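Chains as they are written, first to last, in this note's numbering: chain A, 14 to 379; chain B, 14 to 379.
These aren't lab readings, by the way, just hints derived from the structure by calculation.
One or more of the hints may lead you astray.
Treat identical chains as interchangeable: a pair holds within one or across any two.
Unchecked claim - With a straight-line Cα cutoff of 27 Å, these simulated DSS-like cross-link-like pairs (lysine-lysine) come out:
1. LYS110 - LYS94
2. LYS319 - LYS204
3. LYS371 - LYS65
4. LYS82 - LYS371
5. LYS65 - LYS110
6. LYS371 - LYS319
Note that the structure is a prediction, hence the values are computed from the model and not measured.
This is what each chain is made of:
2 protein chains.
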Amino acid sequence: MSLSRREFSRLGAMGMAAQMLPLGMAQGSERKVGYCVIGLGRIADHFMRGTKLTTGSQITGLVSGHRDKAERIAAEYGVPKSSIYSYEDMDRMRENKAIDAVYVALPNSMHAEYTIRSAKAGKHVLCEKPMSTTVSEAESMIAACKAAKVKLMIAYRLHYEPTTLRAIKLVQEGTVGQVQSIVSANGFNEKAGEWRLNKALSGGGPLLDVGIYCLNAMRYITREEPVKFAAYVSTIDHDGRFDSVEENTSWTMQFPSGILASCTTTYGAQMPGFYRVYGSKGWLQVDEFGYEGLRLRANYAVADRKRVELDEPNTERDPMQFKRQADHMTECILRDQTPKTPGEEGLRDMQYMQAIYKSASSTSAS
Amino acid sequence: MSLSRREFSRLGAMGMAAQMLPLGMAQGSERKVGYCVIGLGRIADHFMRGTKLTTGSQITGLVSGHRDKAERIAAEYGVPKSSIYSYEDMDRMRENKAIDAVYVALPNSMHAEYTIRSAKAGKHVLCEKPMSTTVSEAESMIAACKAAKVKLMIAYRLHYEPTTLRAIKLVQEGTVGQVQSIVSANGFNEKAGEWRLNKALSGGGPLLDVGIYCLNAMRYITREEPVKFAAYVSTIDHDGRFDSVEENTSWTMQFPSGILASCTTTYGAQMPGFYRVYGSKGWLQVDEFGYEGLRLRANYAVADRKRVELDEPNTERDPMQFKRQADHMTECILRDQTPKTPGEEGLRDMQYMQAIYKSASSTSAS
Numbered sequence: 014m015s016l017s018r019r020e021f022s023r024l025g026a027m028g029m030a031a032q033m034l035p036l037g038m039a040q041g042s043e044r045k046v047g048y049c050v051i052g053l054g055r056i057a058d059h060f061m062r063g064t065k066l067t068t069g070s071q072i073t074g075l076v077s078g079h080r081d082k083a084e085r086i087a088a089e090y091g092v093p094k095s096s097i098y099s100y101e102d103m104d105r106m107r108e109n110k111a112i113d114a115v116y117v118a119l120p121n122s123m124h125a126e127y128t129i130r131s132a133k134a135g136k137h138v139l140c141e142k143p144m145s146t147t148v149s150e151a152e153s154m155i156a157a158c159k160a161a162k163v164k165l166m167i168a169y170r171l172h173y174e175p176t177t178l179r180a181i182k183l184v185q186e187g188t189v190g191q192v193q194s195i196v197s198a199n200g201f202n203e204k205a206g207e208w209r210l211n212k213a214l215s216g217g218g219p220l221l222d223v224g225i226y227c228l229n230a231m232r233y234i235t236r237e238e239p240v241k242f243a244a245y246v247s248t249i250d251h252d253g254r255f256d257s258v259e260e261n262t263s264w265t266m267q268f269p270s271g272i273l274a275s276c277t278t279t280y281g282a283q284m285p286g287f288y289r290v291y292g293s294k295g296w297l298q299v300d301e302f303g304y305e306g307l308r309l310r311a312n313y314a315v316a317d318r319k320r321v322e323l324d325e326p327n328t329e330r331d332p333m334q335f336k337r338q339a340d341h342m343t344e345c346i347l348r349d350q351t352p353k354t355p356g357e358e359g360l361r362d363m364q365y366m367q368a369i370y371k372s373a374s375s376t377s378a379s
Numbered sequence: 014m015s016l017s018r019r020e021f022s023r024l025g026a027m028g029m030a031a032q033m034l035p036l037g038m039a040q041g042s043e044r045k046v047g048y049c050v051i052g053l054g055r056i057a058d059h060f061m062r063g064t065k066l067t068t069g070s071q072i073t074g075l076v077s078g079h080r081d082k083a084e085r086i087a088a089e090y091g092v093p094k095s096s097i098y099s100y101e102d103m104d105r106m107r108e109n110k111a112i113d114a115v116y117v118a119l120p121n122s123m124h125a126e127y128t129i130r131s132a133k134a135g136k137h138v139l140c141e142k143p144m145s146t147t148v149s150e151a152e153s154m155i156a157a158c159k160a161a162k163v164k165l166m167i168a169y170r171l172h173y174e175p176t177t178l179r180a181i182k183l184v185q186e187g188t189v190g191q192v193q194s195i196v197s198a199n200g201f202n203e204k205a206g207e208w209r210l211n212k213a214l215s216g217g218g219p220l221l222d223v224g225i226y227c228l229n230a231m232r233y234i235t236r237e238e239p240v241k242f243a244a245y246v247s248t249i250d251h252d253g254r255f256d257s258v259e260e261n262t263s264w265t266m267q268f269p270s271g272i273l274a275s276c277t278t279t280y281g282a283q284m285p286g287f288y289r290v291y292g293s294k295g296w297l298q299v300d301e302f303g304y305e306g307l308r309l310r311a312n313y314a315v316a317d318r319k320r321v322e323l324d325e326p327n328t329e330r331d332p333m334q335f336k337r338q339a340d341h342m343t344e345c346i347l348r349d350q351t352p353k354t355p356g357e358e359g360l361r362d363m364q365y366m367q368a369i370y371k372s373a374s375s376t377s378a379s
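Chain A on its own, in the form it takes in the complex (with noise of 0.2 Å):
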């Protein structure tokens, strides 16, 4: 694309000029901003792909207590050995010019710390959510980012996933009407042995790492915050997989407008990620939490007796999405702007989760 100058100032008057330069490049530097990587395990590796495809993203620094696999990984990525840490001398990465940003891919539990550290060597924060295992965490990692002066994004990745963003489009715009509920499930059968079934890796059960997928989706479809909370917790299986998280949640929330949203959330069944939102003109649904596969159906009424029936399969493939969080953390980065899914918005789905459990354990105890 070649503009003249003429166009281009025009382009900038709109406030388009920046956005239409490639991302790195947008304060005249062709410099991508680097990012060091936290914890290598799978989901590192799709956002370290997803670099791949960015043209202002790239890895420059790994954090690991496995040497050898972070020299196989930096030698894939181009990372200087010496851009290599463990988990004890991380905080050496101040002096590391190359290095932006971290991506926090750790354990739930470990979120906080590195976060915190991480600002204080003066690197801004892409943290995996969710964004830590308590709200007085949550609010730690906020305010240690906040005095460094550092960015911190939590990466949730579906806002800037364009299926999700078609669906709050149609939404918003009154396409199904006035919504009056929503249900959404999200789980998996999780196998004995992972981090993510012990309590002091994960903070808790299947609410935490994926049931937050329904209460963040309740949250951007709505537009609106919880303010009630009525849930349940069960483990059924008994085979040493539940000893310290439980297995199924199940939660009710309502929100100001009186919009009505049911939750369910397991690491004992097979449950295919998806939301149904209800509305006075018809439905919508999204299908799919994951890295890709995305599909959005709709079927509401235009006109007397007219209805129109929408089937959209979203066809792009992972690692997409995690180079278009990429994009946006970068895009902050050089532009000085705040995260659509800034600390606060992790916090809130940490406040609500609090929420939600202590619900819970009032009922449960009922």
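Guided by the hints, dock chain B onto chain A, whose structure is given.
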């Protein structure tokens, strides 16, 4: 089909002879069981058309406040004019030997009175759901039928419907493994002026009329009785429709095994009925609680990595569900058996709906 006497005796020994005879002939008589329909609204029409498909049931009486309408229907079904009653004089049906049973198809608040009057007139009772508007009414109905030694069956037509029976069997056989949770919804956008929106006639909001399908389905799928209830009600549309009943109800139930069920119902949105059962090996879903168009889908593991996918639409058309329901009631009368869905089944749903409303009123106050 023709059977030799010997074959017939063998079937008889297997308890099957009676089933193979056309109903109404099971006890050597060709007389059909005669039903008097009380209330000639929409659902009565489905029932009456359903009896036309049976060999053992027929319409032999009508109770209506509209003599003209009743005479027109009487002519169609061969009911003598002398067997048309008003609400005031229907107790006279005691003397009418052609009437064995009544079908109570009135607004909910009238179910108790007309069930009890019919029992006192010596007639068996098939009563629409919800059985009544309160628990105590339901108890009175059961007591009255017991005292009069007549059958009381609640018209839970899906208990006699093939797709529902198949779903129950698949779940009970462990096809989807250990069930963890179920989600269900059923509702519609009710028009202003309908009797359902008048609490004096309906006894309550969408829970009683359409939410009851979710509630009852959770019970026939789990074969358990719920022990805990957490609910919210809300009204969003202040357009005059919801002055006496609420617009939305969402609730979560816990069963003794730990299974959690999330249900939602509305009179303010397009909400096609469904339930989805989540088990350790897979999921099973039934769409539609209506008079036709049910569809069973499932996806479950049968061996390492091998999965089975079911998609079984039920092509039976209305009024087949009503035919099957009439067949069952007729069979119970002829063989002096207790219906599969007796008054006690209806009473339980009334108790649970009372618990749901009680929870909603406490959560709404908080």
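Requested in this report: Run the structure past the numbered hints and jot down the numbers of the failing ones, going up.
Outcome: The structure breaks hints 3, 4, 6; every other hint is satisfied.
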